[in-house]
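Chain order of the listed sequences is A and B. Per this note's numbering, the first sequence starts with residue 6, numbered consecutively. Per this note's numbering, the second sequence starts with residue 55, numbered consecutively.
Careful: at least some of the hints might be erroneous.
Computed Cβ-Cβ distance ranges for the label pairs, DEER-style [said to hold, decoys possible]:
#1 A:Gly43 with B:Ser549: 54 to 62 Å
#2 A:Ile12 with B:Ala406: 29 to 37 Å
#3 A:Asn38 with B:Asp626: 38 to 46 Å
#4 A:Gln35 with B:Val482: 27 to 35 Å
#5 B:Lys618 with A:Gly76: 26 to 34 Å
#6 A:Thr86 with B:Glu551: 15 to 23 Å
#7 B:Ala406 with A:Gln35: 30 to 38 Å
#8 B:Pro578 with A:Gly23: 42 to 50 Å
#9 A:Gly23 with B:Asp417: 36 to 44 Å
#10 A:Gly23 with B:Met553: 31 to 39 Å
It should be emphasised that the hints constitute simulated quantities derived from the structure, not laboratory data. Owing to the predicted nature of the structure, the values given are computational and were not obtained by experimental measurement. All residues carry an ideal CB built from backbone N, CA and C; glycine is no exception.
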Amino acid sequence: MVINKDIQDKVMTLKLTGRLDTTTSPDLEQELNASLDGIGELNFDFSELEYISSAGLRVLLAAQKRMNTQGAMSISGVNDTIADIFEITGFSDILTIK
Amino acid sequence: MKDPETKKKRFRGGIIAQVAVLFAFGVLAIGLLTFFTEQYISTNTVKAQTTSLLSDLANEVVMTVEEYPADEWLMEYWYEHDEDMDIEYDADYEQGTETEKKCRVFMKRHPEFQLEYASEEEIEALPPEDQKLYAEIVYSWLITRINEIKRTYNISFLYCVLTDDTYSYQYFLFSAADKGAKRGTNYEEVYTIGVTVEADEGLRKAMQMATDSDDYLNHTGKYMDLYEYLYDVGNQHALIGVSYDTSDMMVKISRQTLRDTANVVIGLLVLAGLCLLLILLYVLRPLREVQQNIRLYTSNKDRDMITRNLKALRLQNEMGQLSDDIISLADEIDNYLNEIETITADRERIVAELSLASRIQLDMIPDTFPQEPEKTGVDLYGAMIPAKEVGGDFYDFYRLDEDHLALIMADVSGKGVPGALFMMTTKVMTENAITVESMDNPAQIMEMLNEQICKHNKEEMFVTMWLGILDIRTGLVRAVNAGHEYPIIKNAGGSFEIMRDKHGFVLGGMEGMKYKEYEFTMEPGAKLFLYTDGVPEATNGDNEMFGMDRTVDTLRKEENETPKAILQAVNDSVNEFIGDTLQFDDLTMLCVHYIGRRQD
Chain A
6 MVINKDIQDK
16 VMTLKLTGRL
26 DTTTSPDLEQ
36 ELNASLDGIG
46 ELNFDFSELE
56 YISSAGLRVL
66 LAAQKRMNTQ
76 GAMSISGVND
86 TIADIFEITG
96 FSDILTIK
Chain B
55 MKDPETKKKR
65 FRGGIIAQVA
75 VLFAFGVLAI
85 GLLTFFTEQY
95 ISTNTVKAQT
105 TSLLSDLANE
115 VVMTVEEYPA
125 DEWLMEYWYE
135 HDEDMDIEYD
145 ADYEQGTETE
155 KKCRVFMKRH
165 PEFQLEYASE
175 EEIEALPPED
185 QKLYAEIVYS
195 WLITRINEIK
205 RTYNISFLYC
215 VLTDDTYSYQ
225 YFLFSAADKG
235 AKRGTNYEEV
245 YTIGVTVEAD
255 EGLRKAMQMA
265 TDSDDYLNHT
275 GKYMDLYEYL
285 YDVGNQHALI
295 GVSYDTSDMM
305 VKISRQTLRD
315 TANVVIGLLV
325 LAGLCLLLIL
335 LYVLRPLREV
345 QQNIRLYTSN
355 KDRDMITRNL
365 KALRLQNEMG
375 QLSDDIISLA
385 DEIDNYLNEI
395 ETITADRERI
405 VAELSLASRI
415 QLDMIPDTFP
425 QEPEKTGVDL
435 YGAMIPAKEV
445 GGDFYDFYRL
455 DEDHLALIMA
465 DVSGKGVPGA
475 LFMMTTKVMT
485 ENAITVESMD
495 NPAQIMEMLN
505 EQICKHNKEE
515 MFVTMWLGIL
525 DIRTGLVRAV
535 NAGHEYPIIK
545 NAGGSFEIMR
555 DKHGFVLGGM
565 EGMKYKEYEF
575 TMEPGAKLFL
585 YTDGVPEATN
595 GDNEMFGMDR
605 TVDTLRKEEN
615 ETPKAILQAV
625 NDSVNEFIGD
635 TLQFDDLTML
645 CVHYIGRRQD
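Chain B extracted, bound-state conformation (with noise of 0.2 Å):
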């Protein structure tokens, strides 16, 4: 057996563990949950929002160009003359610029005009040296705003592109910078007007979709691209561009929600935790006393003890119910204990008898046999080996008077006690039957036995009986033969042979049955063998019986030896025979060598 404290350990790490590895699993489940329905959620609000921003961005530049009455004008005259005019980008106020001074030269030249507010004739009106300058200044004035918008919004590229309607390309018209951003013609660089640039595949249906229907966001890898449509310049379309890198933020959101995640992660394994705490306190503390209790019961069955124990733990809910029924458990342990106790006690107690029944038949069994042989003139032996506890052979001889011995050998037809009862009133019976009066006459003897016997057997059982009067100073003997085994005989000189002698109906069998008796004679050294079916029905494994030709054979090869010699070599050969099988029947013999006496 296992030791009980290592088993009640492994056990109890089992629920903990299981209740474990399940919380840490969904832990895990929630965590990953948490952390994907919340970046999507942020992600997605964030875009709505940044495309909400970049939309009014884009619309406050187009309100920018739109303040200016000519600014279809303007946008015409930039795109033809982008190669003719002198422009002073990225102009620093402070410092005094190239376009204030331009102002101050148009305004001496048209102290009247508003620059502001110069409409499309006035302007044609203008010289065209004039016209340049103001769209110069103009174009100026509008890289400031814009400058200022980007700048304001903080975001990445905010420009005006032409193209046409194959969208192939971008030509760009004008592009706001950051202060000391390096404008040029180059990748990288704040793009100067009149940079064309191929339009790649994203790019072109970006700018169909934005002339198609106003406006279009496009968003791939780090950047939020909105195209705004603003409007036709020549047969180009313009569109307003606005870059937003959203890397930050989505650092920013990632960061977040990293935060939010960790919060219910640890929220969650503390109350996972409390859980833990709380099984093991209301469950597996008590379930452990529980068990304790249990296995000291189990060792020392003390039903008080356990009761007592039990209920000064005060367990409440499931447990507390698990405690009860485990002392009622206890109180029906204990009845059977006693129930079985007192069985035990009765079994025993038959046991005891039966050994004491037992004992007490084979007391009725002599067990004295003649000391000085030569001098009584006969020698005998015999032996029963009771099958059972008790059985219902029996063999019996003793002297009627100074010459005459009374042999009996007799099977009765039951079995274990009522076998032996019935034994031993057919043997009182008979000892009281075989008088030096009534030995003359042994046919009358049996009829007489078996009236007696009849009159007392409602259970209809029977005995089969050989009887004989050995005479022993002639040898003769006078037998009856009531339903038994042949005897087995062996005269001086000659071989054991079975005497196949008159038979009668057993015993008890039937009221009114006739006897016939008949006689032989044994001459000195002469042996008969006496038996029950014991010995010939003696059977082995393979259901063969012992049979009368071995039994005789075994007699044959000890014929010379003593009768308890003889007995002992058929009980050999019998033993040898059955093997491991049990032995199922009495095995009863009895042996008489006639000596005779000295003729004195």
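For reference, chain A alone in the conformation it holds in the complex (with noise of 0.2 Å):
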């Protein structure tokens, strides 16, 4: 998986390529402990991620959870594969999904 940041003041934008599973969800749980600090708006761009597993749905759920104190966060760019996963699992329901 690879992550490419952009952050712009106070708006991090995270584009995720490949696949956020047991072996690459480590890399994004670092880079957002690394910068969110003083973060107000957090953006998930998923339009290359190809597969989310429990674990990196772990990561976003604490990411999620962080920004409800600090801010705002959301995706885009869903695959369909990746909407099932959110709506089974029911975090289409706390995250913000545009």
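Take the two lone chains and join them into the complex the hints point to.
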């Protein structure tokens, strides 16, 4: 998985390419822990993301919880597979999916 | 592996052979150098000595000629009367000679005349026949003298020649001969007076150089020729020629050179032999001892033994240092071995503990299934195939009372030991939460579970769960889905279909989540298939997922089989799909066949 980071003022956009699973989620978790300080708006671009596993969902949940306290988080470009996963797990209820 | 014995021998031969080859080349080079240097120096020394000798010799001949006050007159007279003179060559004085007779005749006629000290004027005063007699006597004496010189110095040729400015010929005025040598005018005879031969290029040059610079040495072939300029006789140049045969000398030089070279080579060979012996004794033998000890250590890893053995060798110099280094190395290896032993023991313990943990976890999952489903009204079968040693999935089923059966399928977000620990906690909580009292309100059970899990969840793990309470009498199922996969159901007479049920959020994700209950009824003969995402998301080598379509297709093919056979078929189908790819996620399934009770 490749993470492209773009920070403009307090808005951070992360574009993920590949698969967000058990082996790659720690990378994203590390990236978020390192750069979320002072961020008011977190946007995920999932247009190049193929798959997300429960380990990836865990990282997203942690990010959502943190952004609930310091601003807002949204996800865009979600494909059908990932949309199904969000639907099944109920994540679509707590995430802002554009 | 190669036999160490042959390997060692080849190695030892290596150094000795390399040094020996080096020595061989060195000895050869030094031998050749010695040979050529000595030959060069000897030849040049002998040549210089010979030149000096020949020069002295020629001077002696010149002095002999010049002893006669009338030498120039004599030379000219001999030249002009070479055919008229009656000359006695190579007279034998012991036998009495013609020349002695001539002397007596001359002295009778001129008693006051001193033959050896006669001046030109005194000779000119003589009558012509006595002039001739005088010239003949002196010529004979001169020949005798130069014969002696030739014999004394053992030279090949000694002669006096005349030549003109063209240097194209040699006119022989007198030549020395050994006793018994044949006099004549032919080649290979000792020339008599008046023999003239053509001079070749070398001779011409030699004679010209001698005339211009008093003397000249010419070395061609085996002869060294020295020409000494005397003076001009008429319009011709008189030259004394001396030839020395150097072949004997050269043979001597070669022999001496060879002998000396042989001595040098033998000396060097002895030295080389000593060097090789020293290498063998002070390098190779200790090295072999050290090597044998290293090999022994390699096989038995006994540090004390190699330390003891190497110290016993008492090696000096660099070998001693090497030996000390090896002892230190053995110490280090020993430490590492101990360390590795500890690490290995730790790892083995961890592996053993993991395997035990895995068994404990598996023991938590029911593996006893209804034996007489017709009596109980429900047949079911569950399977969990963990991807790693321990996984995070589980299923559960148990009777709450005579008529109610709890069915649970859950998937924890983590894997490995953390996943397993979380799964155990969740399973125990779930079991405690579902009771006869609470079973009528599954949504509340979920909400309670969510609160409990959230309370003790700093690691932000979560679990997806499908919970159903089956009323065995009626086939009614009251279910709640907390972020879990859609159940797949087959109604009596129908086919397996995905049931897109109402979904709540995963458990443990967020506090205060609300869950909604739903109901469906299983007719006798209906089947319910519950699973975790390991089934549809099993991935093959091309990164393709097994998917819901394949799952449903497989179920449909086996829809009339028992739950056990259905699970086996799904498992086979998934394995066939992923091929050699490693199973990444747990594969957990539960299949329920509602038979229904006979209404007695």
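Verification of the supplied hints:
no. : hint                              : verdict
1   : A:Gly43 with B:Ser549: 54 to 62 Å : holds (56 Å)
2   : A:Ile12 with B:Ala406: 29 to 37 Å : violated (48 Å)
3   : A:Asn38 with B:Asp626: 38 to 46 Å : holds (43 Å)
4   : A:Gln35 with B:Val482: 27 to 35 Å : holds (32 Å)
5   : B:Lys618 with A:Gly76: 26 to 34 Å : violated (52 Å)
6   : A:Thr86 with B:Glu551: 15 to 23 Å : holds (21 Å)
7   : B:Ala406 with A:Gln35: 30 to 38 Å : holds (32 Å)
8   : B:Pro578 with A:Gly23: 42 to 50 Å : holds (48 Å)
9   : A:Gly23 with B:Asp417: 36 to 44 Å : holds (38 Å)
10  : A:Gly23 with B:Met553: 31 to 39 Å : holds (32 Å)
When each numbered hint is compared with the structure, violations occur for hints 2 and 5.
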